[in-house]
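Working from the sequences, and respecting the hints, build out all of it.
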Amino acid sequence: MPPDLAIAHDFPLASCNTFGIDARARCYVRIASVAELAAALADPRLAGMPRLLLGGGSNIVLTGDFDGVVLHMAIMGREVLGEEGPDGKFTLVRAAAGENWHALVQWTLAQGLGGLENMSLIPGTVGAAPIQNIGAYGVELKDVLHSVTVYELATGRLRSMAASACRFGYRDSVFKHQDGKGLVIVDVTFALPTAWRANLGYAELAQAVAGAGLGAPGPADISEIVVAIRRRKLPDPALIGNAGSFFKNPVVSKTRCAELLAAFPALVHHAQRDGSEKLAAGWLIDQCGWKGRKLGAAGVYPKQALVLVNNGGATGAEVLALARAITDDVRQRYGVTLEPEPVFV
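Residue numbers (the UniProt record's numbering): 1 to 345.
Be aware that a few hints might be false.
[Said to hold, decoys possible] Calculated lysine-lysine pairs in the BS3-like style (CA-CA distance at most 25 Å, straight line):
#1 Lys254 - Lys233
#2 Lys248 - Lys233
#3 Lys248 - Lys278
#4 Lys233 - Lys176
#5 Lys291 - Lys248
#6 Lys176 - Lys248
Just so you know, these hints were derived from the structure itself, not from any lab.
These numbers were taken from a predicted model, which means no experiment stands behind them.
Next comes the structure, spelled out in structure tokens:
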């Protein structure tokens with residue numbers, strides 16, 4: 001027998017998005033199980049309504065009220081599955097979509113498992129992490145992902161997808177494209193290295209570890225340092241509404257980067273394995289004079305130009321206008337187009 005759904009009407013969404021935008025949903029359902037997801041999709045009271053799936057709301061900008069049903073993914077659970085691969089090369093860990101990402105990182109560390117520590121304190125939920133291919137300090141989700149379990153909206157079937165089927169790219173995955181829009185992530189399985197080694201390829205992290213005098217840091221040490229760096233540079237969404245890094249770091253060809261360097265010798269850039277160059281979006285925005293500026297109640301964080309913030313009562317329209325103004329200025333000055341990380345709804 002299908003579960004009895006609790007459907008809320010005219011539901012306030014300010015607490016469901018880290019920007020703290022005060023929008024409302026026509027209907028709202030908290031989804032705590034796959035059975036509840038199936039029931040919500042089949043419920044005649046919700047038939048024909050547009051659907052919005054929400055996790056932690058850390059990668060979304062609500063530009064107005066949502067005239068449809070919000071399905072808030074709150075499926076919980078996490079477990080160590082055991083070792084896999086030759087000589088137990090990896091330890092598999094599974095976490096449900098509704099689990100808080102940072103809480104999962106801390107839990108794996110408590111189990112004595114490293115691999116996720118560089119991505120400590122990234123806001124959001126486990127289910128949203130593969131969609132964006134989250135990453136920080138030299139590690140991306142794709143580096144540690146084993147598989148995801150998805151619910152097919154068209155068939156009601158559960159199936160497992162290997163990491164190779166997720167088509168991961170820089171802040172990208174199959175789930176952001178048309179052929180992945182009908183897939184709802186239910187849980188994620190990670191392959192964490194049994195023989196852990198610190199990943200200190202990111203210069204800022206390596207310098208912080210050296211500055212802490214840690215000759216042989218463990219996973220928990222790396223996590224603490226990453227948390228300290230992020231708290232120093234980024235606002236806490238609980239205090240100042242934001243969606244973390246708002247723009248992707250643009251990737252250009254080596255030739256284009258050389259042209260930009262000739263005109264702007266201080267340009268911050270990082271060589272990529274494929275020969276391209278990744279530009280620092282925060283530097284571009286800062287050079288255009290946007291750090292600390294405001295448009296209405298939306299603004300650019302004074303300590304980090306890559307972060308847009310809600311200074312109190314900002315609307316989605318104000319955030320959108322600010323993002324467009326910044327994008328226009330960067331394009332005009334540098335000929336580079338910035339792409340937002342959050343989704344506008």
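Do the hints match the structure? See the list:
no.	hint	result
1	Lys254 - Lys233	violated (29 Å)
2	Lys248 - Lys233	holds (17 Å)
3	Lys248 - Lys278	holds (10 Å)
4	Lys233 - Lys176	violated (28 Å)
5	Lys291 - Lys248	holds (17 Å)
6	Lys176 - Lys248	holds (15 Å)
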